[in-house]
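**Student:** Listed in order, the protein sequences are those of chains S and W. Residue numbers for the first sequence follow my numbering, beginning at 1197 and rising by one. Residue numbers for the second sequence follow my numbering, beginning at 2 and rising by one.
Since the hints were made in silico from the structure, they are not lab data. In this text, all values refer to a predicted model and were calculated from it rather than measured experimentally. Glycine is no exception: its CB is placed at the ideal position from the N, C-alpha and C atoms. Incorrect hints may have been included.
If the Cβ cut is set under 7 Å, some of the chain S residues that face chain W in the computed set are [as the list claims (entries may be wrong)]: (1) T1223; (2) R1226; (3) K1299; (4) V1303; (5) E1420; (6) G1422; (7) E1473.
Pairwise CB distance ranges, derived in the manner of DEER restraints [as the list claims (entries may be wrong)]: (8) S:L1240 - W:W131: 26 to 34 Å; (9) W:E77 - S:Q1510: 58 to 66 Å; (10) S:T1439 - W:Q46: 49 to 57 Å; (11) W:V117 - S:K1269: 24 to 32 Å; (12) S:K1231 - W:V117: 48 to 56 Å; (13) S:D1428 - W:L73: 27 to 35 Å; (14) W:K41 - S:G1379: 53 to 61 Å; (15) S:K1487 - W:V92: 39 to 47 Å.
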Amino acid sequence: MKPTYALTALSMALLLSGCGDTNPDATQARGPDPKLPEQQRGLLPSMKIAEPSAWGDRTPTVPEGYAVTAIAKDLKIPRQTLVLPNGDILVAEGRGGNAAKLKPKDVIAGYIKAKGNTQVKGGNRLTLLRDADGDGRYEVQTVFAENLNAPYGLALANGKLYVANQDALVTFDYTEGQTQASGAPVTLTELPSQINHHWTKSLAVSDDGRFLYVGIGSNSNITERGMEAEVDRAVVWQIDAQTGAHKPYVTGIRNPTALTIQPGTGQVWAVVNERDELGPDLVPDYLSSLKEGAFYGWPYSYWGQNVDPRAQPQDPAKVAAAIKPDYSLGSHVAALGVDFSLPAMGERFADGVFVGEHGSWNRSDPVGYKVIFVPFRDGKPAGEPIDFATGFRDDDGKTRGRPVGVTVDPKGALIIADDLANTVWRVTRTP
Amino acid sequence: MTATAYPLHRCRPGPLHAILLAGAVPLFLGALLSDIAYAKTYQIQWSNFASWLIAGGLLFAGLALLFALVNLVRAERKGGRPALYFVLLLVTWVLGLVGAFEHAKDAWAMMPSGLVLSAIVTVLSLITAWIGLTGLRSEDVA
């Protein structure tokens, strides 16, 4: 059976959207002030699932003046990466979540969505990649630590490696040059892990190493597992690196899948996945600086005061308090990675952020499946996003890869984790 | 009429057919009551219950529909009550399926359409079962 499901035939979404449009981003509102369409939902949700296919001799398409190579293959679901001071790369591998199937829908949708993902079992480990001679080939590929619980966010500070498992923030002592953890991980603090509908725990550390920021996604699309399940969810925690004590840094942030610190300012930025089933162009995933104490709307409203009637009982005070994010990436792109660029990346891509987009599964005209660059000016997003790495998905639905974490290597390279091909890509400037 | 000599058992529901037909009624009724409970309390578990009860109702009614179709095909006189019973059961099932899709929407998105459909399907399934279990016999006798 062909794993492409166009359930859209019955859906109003398809009837309403033009079919001749070749650019799926065309109807998307991107940028700082997106014009949002009306909410819509047909009898059946639109689903278009990636049809996994091998890369073979192909590679992602990168801009002229850049080259891409696979520096690690046969990984076990690589998600996020970290470039260590000596140039080694750590890769977090795994798959988490233990959400029970509550409705017939969960059984059916779960089966369909699994078709678009890798069949490999998650590694629950960290793999270390090393290019000792600097020729761009990472000849060492070795397991740094294993028996972790769906590790995702990675950070290095205070002589420690911080790993955000799906249920706890753990640390390893780290000395430069190590290729294997010297001992078992030490738990700094437990993280909310009941159900774990959105299980990925993203991580960033402040420049001074005092605070860790952990993104904790909601336990549902839009409260369909009950409000009780949403305690301590859809938040970013600020965690004291010394004591492990935490406090909510921002709230109402549906699924903050990647966090990063802006060079120079120390500002925390996030990419966030917004809610589904309100139409092909709602609700935009976003890139935003995080304002301490802010409430970003979930579940009561989105992009400021746009009320979501599915969250009941409603809370007008919360809706009024919701703030707008900085920059729309477009709906359903599934941004899972973010990192600030450096001048070493070349003039065109020197100032801005790279964003890894895993790609949509619930839009009849798929979007995402690429790495984009959002240009910045004066420390803020300025202008349209630029495609940086594409070719992960063909127009005929064949999908060779799905980008997750993106990390800028100070040497002037972009590291892209691909959790469909179980590959790590490295994009460099050509001499 | 001349065609009344046809054997009674041919178009009257057999025991399994009857169980499926009547069994769908409390399943759809349970879904309706669960929907009402969800509407009153916002407790999502009621909506989960409703979804599964509807799935059960569709399974029962769907199998009964197959029996009804076979009976209809085999009936000598296809018009009148056998056809009415089949059409009613078909409409019940189709509306039940629409209700199932409505219930697949997240959280409050199923309201109020899901509850309204549950009410309609419950009443329809009751009427259909009534006709299916009693009407066919009287038709034969007539």
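**Student:** Hint by hint, say whether it matches the structure.
**Tutor:** A quick look at each hint next to the structure:
1. For T1223 (chain S), the interface hint is violated, the least distance from its beta-carbon to any beta-carbon of chain W being 22 Å, above 7 Å.
2. The beta carbon of R1226 (chain S) is not positioned within 7 Å of any beta carbon in chain W (closest approach about 25 Å), and the interface hint is therefore violated.
3. Evaluation of the K1299 (chain S) hint against chain W yields a held restraint, the C-beta minimum of about 4 Å falling below 7 Å.
4. Against a cut-off of 7 Å between C-beta atoms, the interface hint on V1303 (chain S) is violated, since the closest Cβ of chain W lies about 10 Å away.
5. Checking E1420 (chain S) against chain W by beta carbon gives a least distance of about 4 Å; that is within 7 Å, so the hint holds.
6. Checking G1422 (chain S) against chain W: minimum C-beta separation of about 4 Å stays under 7 Å; hint holds.
7. For E1473 (chain S), the interface hint holds, since its Cβ comes within 7 Å of a Cβ in chain W; the closest pair sits about 6 Å apart.
8. A hinted range of 26 to 34 Å for the beta carbons of L1240 (chain S) and W131 (chain W) is consistent with their spacing of about 32 Å.
9. The given range of 58 to 66 Å is respected by E77 (chain W) and Q1510 (chain S), whose C-beta atoms sit roughly 59 Å from each other.
10. Taken as a hint, the range 49 to 57 Å is violated for the pair T1439 (chain S) and Q46 (chain W), whose Cβ atoms sit roughly 38 Å apart.
11. In this structure the supplied range 24 to 32 Å is violated for V117 (chain W) paired with K1269 (chain S), their Cβ-Cβ distance being about 54 Å.
12. Separated by about 33 Å at the C-beta atoms, K1231 (chain S) and V117 (chain W) break the suggested range of 48 to 56 Å.
13. The given range of 27 to 35 Å is broken by D1428 (chain S) and L73 (chain W), whose C-beta atoms sit roughly 57 Å from each other.
14. Between K41 (chain W) and G1379 (chain S) the CB atoms are about 55 Å apart, so this pair conforms to the stated range of 53 to 61 Å.
15. One distance hint, 39 to 47 Å for the beta-carbon pair K1487 (chain S) and V92 (chain W), is violated here, with the actual separation near 55 Å.
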